[in-house]
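Asker: Chain by chain, the residues:
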Amino acid sequence: MDLIPGIDITAGALAAQKTRLDIVAQNIANAQTTRTPAGGPYQREQVNFETELLNRTDGANSLLQSVKVSSITTDKTPGQTIYDPSHPDAGPDGTVKMPNVNLAYEMVDLITASRAYEANLSFAKDARELAMKTLEIGK
Amino acid sequence: MVDPILQADSYQLAKKLMDSSALRQQAIAANIANAETPGYHRVDVSSDFALQLKSTYETGGVAAATKSSLQPVLAEDKDARAVTPDGNNVGVERELLAMNRNSVEYGFEAEVVSQNIKQLKIAITGMPS
Numbered sequence: 001m002d003l004i005p006g007i008d009i010t011a012g013a014l015a016a017q018k019t020r021l022d023i024v025a026q027n028i029a030n031a032q033t034t035r036t037p038a039g040g041p042y043q044r045e046q047v048n049f050e051t052e053l054l055n056r057t058d059g060a061n062s063l064l065q066s067v068k069v070s071s072i073t074t075d076k077t078p079g080q081t082i083y084d085p086s087h088p089d090a091g092p093d094g095t096v097k098m099p100n101v102n103l104a105y106e107m108v109d110l111i112t113a114s115r116a117y118e119a120n121l122s123f124a125k126d127a128r129e130l131a132m133k134t135l136e137i138g139k
Numbered sequence: 001m002v003d004p005i006l007q008a009d010s011y012q013l014a015k016k017l018m019d020s021s022a023l024r025q026q027a028i029a030a031n032i033a034n035a036e037t038p039g040y041h042r043v044d045v046s047s048d049f050a051l052q053l054k055s056t057y058e059t060g061g062v063a064a065a066t067k068s069s070l071q072p073v074l075a076e077d078k079d080a081r082a083v084t085p086d087g088n089n090v091g092v093e094r095e096l097l098a099m100n101r102n103s104v105e106y107g108f109e110a111e112v113v114s115q116n117i118k119q120l121k122i123a124i125t126g127m128p129s
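These protein sequence lines are chains G and B, in that order.
Quick note, the first sequence lines up with residues 1 to 139 if you use the working numbering.
Quick note, the second sequence lines up with residues 1 to 129 if you use the working numbering.
Chain G extracted, bound-state conformation (with noise of 0.2 Å):
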């Protein structure tokens, strides 16, 4: 066990709502990207979560598990279709596909993962409390 307790738990579930945060804010960057290297306007991706079991030397607690980034998955929905003859990527027909990324949803995503990033670092002080008095039993 470590020092400080829960610590690697903690790591692991860091890691992957910054992996979150990455992708909403890609998300938000191609919101208006109608052109990628695949042809086709950006799809929007999204991040899948999964528990992770941690290889601790005390195999005592399996039931405590991390959390991890499972996959990334492309959204495949088509987004919306604007009429714009002058637009530089508009088909034959003058119609432009634009990406599925919907700026109030990435929002909301934003701030979720924000707060889920915070309720870990606040754990994570708290368990370093913990920690710190046990160092000064005795003293």
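If you are wondering where the hints come from, they were derived from the structure by calculation, not from laboratory data.
Be aware that a few hints might be false.
Some chain B residues judged to face chain G by a derived CB distance under 8 Å, without partners named [claimed, not checked]: (1) Q25; (2) Y40; (3) S47; (4) A50; (5) S103.
Note that beta-carbon positions come from the ideal geometry of N, C-alpha and C, so glycine has one too.
Chain G is fixed; fit chain B onto it per the hints.
Answerer: Relative to the frame of chain G, chain B by itself:
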């Protein structure tokens, strides 16, 4: 000769409870980490640990209560209700409040252990702290 001080009821029980609090801290870490994982159920130290500890202490005294076969274990919390449609039943606010409470309990138990050890120091050196 130092055994009687280290055999004090409060010292032994506080040590046992500290194990339980440290385990609970890890359980809360896992719950907060998995607050959005689909299908995750919150875990906690099984509630019979406190009850068992209390009943063995009342019947058998501290020697029975602190024998090493009585250990805190983790179990899925049966009383938590599902919060989201995907089956995850972790409430972050509840976990953070449990964490706060657990910190105070741990601090108290550490203080009890610490005071018992300090008594030993006083006995040896004859001077407080």
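Asker: Now tell me, hint by hint, if it's right for this structure.
Answerer: So, going through the hints one by one against the coordinates:
1. Interface hint status for Q25 (chain B): upheld, as the beta-carbon distance to the closest one in chain G is roughly 4 Å, under 8 Å.
2. Interface hint at Y40 (chain B): satisfied, since its Cβ lies 6 Å from the closest Cβ of chain G, which is below the 8 Å cut-off.
3. Below 8 Å, beta-carbon pairs count as interface contacts, and S47 (chain B) has none with chain G, the closest being about 15 Å; its hint is therefore violated.
4. Interface hint status for A50 (chain B): violated, as the beta-carbon distance to the closest one in chain G is roughly 18 Å, over 8 Å.
5. Contact between S103 (chain B) and chain G, as hinted, is supported at the beta carbon level, the nearest pair being about 6 Å apart and thus within 8 Å.
The earlier numbered hints that this structure contradicts are 3 and 4.
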